Amino acid sequence: MNLITPDTGLLFWMVVIFGLLFFLLAKFGFPVITSMVENRNAKIEKSLRDAEEIERRLNETVRKQKKILAEASAEQARMIAEAGESRREIIDKAREDAKDEAQKILATARKQIAEEKEAALRDIRREVAVVSVAVAERIIRDRLVSDEAQTDYLNKIVDEACAKPRPAE
Amino acid sequence: MILLSLILSFLLPFTASSPAASLTPRGAEQGDYAPRNITAATAAQTVEDSAPAASAPYSAEQPLSSGGRDQDEAEGEVDIAEIIFSHIGDSHEWHITEWKGRPVAIPLPVIVWSKYSGWHCFSSEKLDGKQYQGFFIGEDEKIFEITPDGIKRPFDISITKNVLSLMMSSALLLLLVLLSARWYRRHDVLKEAPRGVAALLEPLVMMVHTMAVENIGKDYRRYLPFLETAFFFILLNNFLGIIPFFPGGANLTGNIAVTMVLAVATFLTVNLFGNKHYYKEIFLPEVPGFLKPIMPVIEVFSALMKPVSLTIRLFANMLAGHVMILAMVCVIFIMAKYGPLLGSSMTVVSVLFGVFLDALECLVAFIQAYVFTMLSSIYIGLSRQNH
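If you're matching them up, the sequences are chains A and B in order.
Numbering-wise, the numbering used here comes out as the position in the first sequence, counting from 1, plus 186.
Numbering-wise, the numbering used here comes out as the position in the second sequence, counting from 1, plus 1252.
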């Protein structure tokens, strides 16, 4: 067999069979496989891109979250400090107000007590006078027969009673 | 030695798509396998018997004699060249094995057209050592016709061993790829990983796909089916050629007709679909003035040499691989006559080298398919460049 001389019969069949094989595989074989695998690869690439995008967004979200948390913590600390300050101010103001109110109440009470004491003293004096008159009248009924003598004597006694120092209140 | 004998007894029937079957003494029944040449005397006698008017044109100078080989066989010599070339060559029947001293072979259809008698189609059995309807198998397993004008070659499109192998391998490739395509049609590739044939083919398909994308660029889809078909065709036939028993063993990609068709297909693809920049580079290249008349000649020569190099590279590599393996096995039978010690030791060496060469041939089978496809894609890519 002459190795470097192509045989016409084999050439003929090779052209026919390879041509037919190429036609069938090009129409029904390889395009199906390659298109499917390309779709899958595209899907995988898209999924990878999406995953990278999601990871980037997640990292961004985590970064924002940390930033927000830090800001919230700072705000919280500031608000706590402000609340403490307000509390102290409110308490101090309340204390001041309470003190003032107490002073006012105390002053009013003292005034009222003084007034009531004065009234009581007046009542007591009146009663004492009445009692004294009654007592004196019974004691000196016999000596003070006239009205002038009674009045003079009574005034004298009252003056003496008023002149005496008051017992410790 | 027992182990060695077992190895040999295992290997020899398998390699006999190569040498083993040929090494038995060739009797009349052995003519099935080697070229079944008719001697000049037989042919002349046949011409006289069947067509007396045609006897004059026949000449003993026609390439029909095989007397030298018969003489070697008679002397018990192993004709290495004959063994090797009969195995790497084509044949009108497919010898499978020997059974009880008789050859088991598949006779193949002979299809010829003669300008004298028209179309003929018959089994090659009818040409086994004789002529039929004026046709006989001559030298190099070619069919000759005895005509009134002498012995001529008819238009021969017979189904030879290589053609049958071509048909079977193409059918197998078609089956594999269509089965794979069917899997992809019936399954959601976004949810399932390929299995079976699809899993086997997908990495190779995508390897060629990547090659096409890188070498051709955006137009790759147009050429991808051709590159895929060429790659798988070469790869499958390379591997089938390594298998030493039926239905393998045919030296298809080591046949220049096959590689030539593949290379011409690449050549046509490159030159029919080449863009204007490609042809401008060939016929109006931007070179100094004194080179302008020379460069188109060089470029045209270069364009013509590309398919030649593709043809020769694949053909020569695969042919050389087969020859080396066959030669290595033949060493066993050559050394056998030098005594049991030398014969046994060389048998061990031959078997080891044979296994090594088979493994190497598997690698070469893939590399050659890859190289042919890669070069084709590069040539196509060069013809589609826009600058």
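Everything labelled a hint here was simulated from the structure, so no lab data went into it.
All of these numbers come straight from a predicted model, not from anything done at the bench.
Treat the hints with caution; some may be incorrect.
[Stated by the list, open to error] Under 10 Å between C-beta atoms, here's a sample of chain B residues computed to sit facing chain A:
1) ASP1342
2) GLY1506
3) VAL1516
4) LEU1593
5) LEU1594
6) GLY1595
Here a beta-carbon is modelled for each residue, glycine too, at the ideal position from N, C-alpha and C.
**OP:** Answer holds if the nearest beta-carbon of chain A is closer than 10 Å to that of B:LEU1593; otherwise answer violated.
**Re:** 37 Å, violated
**OP:** Please verify that hint: B:GLY1506, Cβ, nearest Cβ of chain A, below 10 Å or not.
**Re:** 8 Å, holds
Subject >> Hinted contact B:GLY1595 with chain A - closest CB pair below 10 Å >> reply: 30 Å, violated
Original post:
Can we keep the B:LEU1594 interface hint, with Cβ of chain A closer than 10 Å?
Top reply: 32 Å, violated
Subject >> Given hint B:VAL1516 near chain A, where the shortest CB pair must fall under 10 Å >> reply: Holds. Min distance 9 Å.
**OP:** Have a go at the B:ASP1342 hint: is there a Cβ in chain A nearer than 10 Å to its own Cβ?
**Re:** 6 Å, holds
Consistency with the previously given hints fails for numbers 4, 5 and 6, ordered from lowest to highest.
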